[in-house]
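Using the sequences and the accompanying hints, generate a full structural model.
Residue numbers (this note's numbering), protein chains in the order written: chain P, 1 to 346; chain X, 1 to 613.
Since the hints were derived computationally from the structure, they do not count as laboratory data. Quick caveat, the model's predicted, so the values are computed rather than measured. The beta carbon of each residue, even a glycine, is placed where N, CA and C say it ideally should be. Since no wrong hints were added, every one of them can be taken at face value.
Pairwise CB distance ranges, derived in the manner of DEER restraints: (1) P/Phe-163 <-> X/Glu-188: 35 to 41 Å; (2) P/Arg-271 <-> X/Glu-324: 50 to 56 Å; (3) P/Ala-95 <-> X/Ser-13: 58 to 64 Å; (4) P/Asp-98 <-> X/Ser-133: 50 to 56 Å.
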Amino acid sequence: MEATRPVNGKVNQLGLQKIEYDGSKTTLCAGCGHNSISQRIIDAAYELSLPQHKVIKLSGIGCSSKSPAYFMGRAHGINALHGRMPTVATGATVANHDLLAIGVSGDGDTGSIGFSPYKHMLRRNVPMVYIIENNGVYGLTKGQFSATSDEGQKTRYYGTQRFPSLDMCMEAIVAGAGFVARSFSGDAKQVRELLKAAMAYKGTAVLDIISPCVTFNDEPDSNKSFAYGKANEYPLHEIGVVLPFEEIQVDYEPGTVQQVKLHDGPTIQLRKLEAGYDATSKMGALARLDQAREKGEFITGLLYIDESRPTLPELENLVETPLAWLTEKDTRPSRESLDQIMREFM
Amino acid sequence: MHQPTTHYEEVESVVIRFAGDSGDGMQVTGSQFTNTAAIIGNDISTVPDYPAEIRAPQGTLAGVSGYQVHLASRNIFTPGDEPDVLIAMNPAALKVSLRDLAPGGQIIVDTDEFTPANLNKAGYTRSPLDDSSLQAYTVYPVPITTLNRNALAAIEGLTQKEVDRSRNFFALGLTFWIYDRPLDTTLEWIVEKFKNPKVAAANARSLRAGYDYGDTTEAFSTRYRIKPAPLPAGKYRQVTGNEAAALGLVTAAQLAGKPLVYCSYPITPASDILHNLAPLKHFDVRTFQAEDEIAAMGATIGAAFGGALAATGTSGPGVALKSEAINLAVVLELPMVIVDVQRAGPSTGMPTKPEQTDLFQALFGRNGESPLPVVAPATPADCFDTAIEAARLAIRAMTPVFVLSDGYLANSAEPWAIPDPTTLASIPVAHPSERQGQHYLPYARDLATLSRPWAIPGTPGLEHRIGGLTKQPATGNVSTQPLDHEQMIRERGEKIERLVDVIPEVEVFGSPQGKLLVVGWGSTYGAIRQAVSQAQQAGLPVSSIHLRHLNPFPRNLGAILDNFEQILVPELNLGQLAFLLRARYLRDVVSLPKVQGRPFKISEIRAKIDELV
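Structure below.
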């Protein structure tokens with residue numbers, strides 16, 4: 001019966017209201033950047049009209065990895081081991097490539113203990129959205145440095161970080177990823193549009209989202225605090241995702257907008273804020289990231305996009321029906337082909 | 001003139017729990033109350049109970065943070081089965097703590113927090129203060145928030161938030177009044193802790209206001225006094241298990257004349273050992289936060305090879321990751337200490353809750369024949385002695401040694417008589433300095449201990465190469481000879497067995513023979529000791545022993561078991577020590593298992609004793 005739904009409730013193409021994409025109530029700290037990312041995932045899933053039964057949420061260990069409980073409560077989920085979520089995603093998407101895998105990890109989970117699984121997921125181009133909720137600190141174990149905390153940063157117990165940080169976006173591009181973005185949890189619109197683009201992308205889509213830890217890394221001198229992000233975010237472009245049923249607006253000056261059409265249908269529109277930044281240039285992206293690191297700039301946006309590399313299921317020559325749904329009848333060779341094989345042996 | 005109607009009552013012990021929201025400062029409140037009790041000279045035992053969430057949503061059941069302190073004028077061994085007094089700062093704290101409260105217990109609540117919104121968050125449909133649900137207890141409704149705001153009205157320039165943040169000190173002041181305690185220690189601490197003079201003044205005033213409220217109101221008819229406990233003279237401090245383990249490791253390194261290198265990866269509930277060691281560089285301590293558990297173990301092995309006293313700390317899931325590298329340490333035969341602060345498993349389990357379920361993992365969780373010594377501390381302060389013992393065994397037998405602490409010991413606190421360093425026996429270390437014969441033999445065994453020499457790389461003439469492949473005896477050269485393989489396995493096993501030569505015999509608490517012997521290990525000590533002591537006072541033929549050494553067992557263990565008709569083994573697992581005793585001594589034992597992520601209550605062990613004798 002329709003009576004359970006408010007008559008005037010706004011619904012998406014599946015006839016679902018946004019509230020139906022909610023998860024359970026968060027138990028993260030009030031003001032945690034991760035909560036706003038969860039909310040943006042809900043926005044994006046709603047706008048893309050994702051059927052939740054075809055979504056698997058994956059995560060590792062840490063504050064970030066608790067957050068899949070807080071969005072899309074009707075999707076499937078698997079909370080894996082510390083740093084090993086990409087391995088579980090690899091198996092899940094090979095067995096069932098029809099699913100949309102959304103992985104949520106953190107800088108400790110990805111940059112340290114899970115660094116090797118991260119790199120190998122990227123080189124295999126596992127079809128999934130891989131979100132790094134990056135706050136430069138181990139929150140759940142109370143404030144140790146992570147591998148993405150920048151040289152010179154201070155924490156409560158350890159004084160000053162003496163080692164250079166790892167840049168998860170540079171690492172992703174070097175490993176062969178074809179969708180690499182950086183954003184800021186306080187930039188709701190950019191995060192939402194990037195998520196939509198990532199969900200429509202066919203291979204591994206990496207979103208490194210700076211997501212302030214209000215409890216352990218929010219000091220005035222932290223470059224991963226909310227105040228720092230608000231004051232220093234430097235978007236390379238304005239991003240918008242145009243869905244196939246929507247009209248593409250063309251009221252921009254030529255050369256100021258870069259458009260990338262994804263194989264799934266949507267088009268990514270990048271209205272350039274930094275003239276000359278080309279999101280399809282691998283070396284350009286690496287050079288710009290290196291420059292940003294040197295200068296201490298907080299650049300955000302879709303840093304690199306390339307949809308040409310085949311995904312893992314494509315490389316494995318998987319048939320259209322996911323392995324999980326193939327029956328014995330589908331997989332057993334016909335009598336004719338068995339006879340043919342036998343003849344070849346004779 | 002106002003006649004005070006309060007009277008004083010002498011009590012032997014009391015268990016108080018401070019409970020509130022994670023942001024209410026309950027850990028500070030509890031530890032301040034404890035510090036004062038320690039200075040007065042009471043025996044104390046405390047346990048914090050805080051949520052796995054760093055800061056869960058305010059006012060919810062998930063966000064309740066508690067701190068339980070047991071203080072007494074006699075020796076006590078546990079933080080108490082049930083609180084006698086509950087200070088509940090909001091409805092959620094009341095709801096979470098009520099199930100533990102002793103029948104007839106006292107409850108002090110901040111009535112201002114019992115708003116419809118907060119009641120709703122705690123899952124109350126109506127206020128428990130307004131119905132009969134609390135009639136089994138004595139409830140003291142105190143509008144703490146309002147009283148505290150009034151008390152601070154005169155201090156200018158404080159935000160409402162800052163004012164309300166000091167309401168825990170109001171509650172503390174009131175509790176100090178009820179238990180007739182001086183305010184000085186906390187007042188001094190406030191001045192030192194809060195750099196902002198306004199905030200310091202506010203907290204001090206809140207504390208006094210709470211105290212004065214007790215004095216002026218007639219709500220409380222009785223004040224309580226608890227005399228100092230007859231603890232041996234000496235200088236005491238409060239210590240948690242993780243603090244004591246950290247201090248034990250540093251002390252062991254000093255006793256061995258070595259630097260300490262501690263390599264670990266953040267994991268609950270072991271991270272605090274790293275936090276405690278990191279600031280001790282001036283004691284020749286190096287700490288290393290690795291990128292993962294395996295790297296931490298690798299660095300620990302490297303530090304031992306390099307010649308330092310090497311140690312790592314982790315919890316069950318971390319041990320699982322480390323086990324391949326621990327096995328390398330076993331066959332390299334290098335000394336190191338592995339502290340496993342056990343938590344409820346399997347897998348991620350309950351990270352902040354204790355269990356003793358890693359005994360089998362420590363003993364058997366590796367491929368091949370891989371014996372190593374296992375020791376377990378009995379109390380928070382005992383983590384100090386156990387860490388030193390582990391280092392002593394490690395260096396003597398040239399082997400990794402497991403210390404099985406747990407989340408309960410790690411965070412509980414008790415008074416600790418700070419030992420005089422000159423009374424601690426040094427740990428003998430012998431590094432060879434020159435070669436005997438033509439080639440240096442890295443696996444030439446000491447005839448008494450069967451351990452190999454610990455040559456420090458860089459020593460001329462002692463160049464040696466070691467690895468995980470099977471070795472030829474003495475030379476350590478790679479070998480695939482069947483008998484070489486078996487000889488090395490047997491020698492490594494025998495080397496661990498020979499540690500019984502230096503492991504103290506276990507002492508029986510109570511009569512050396514009788515109907516029932518309770519055998520425990522690790523953090524169950526307090527509950528077992530208290531339960532057995534009660535049973536003995538009731539005239540029951542019960543004794544107990546507590547094992548610090550789980551591999552090898554003390555030499556006299558078998559003989560002690562033979563002197564009793566029945567053996568009871570309470571453990572926070574499904575019977576791992578019980579399994580070992582049956583296998584090793586062919587004695588049947590009664591297992592008393594518990595796997596709820598909570599320590600034993602004294603009453604649970606007592607009930608089992610009563611059932612058996």
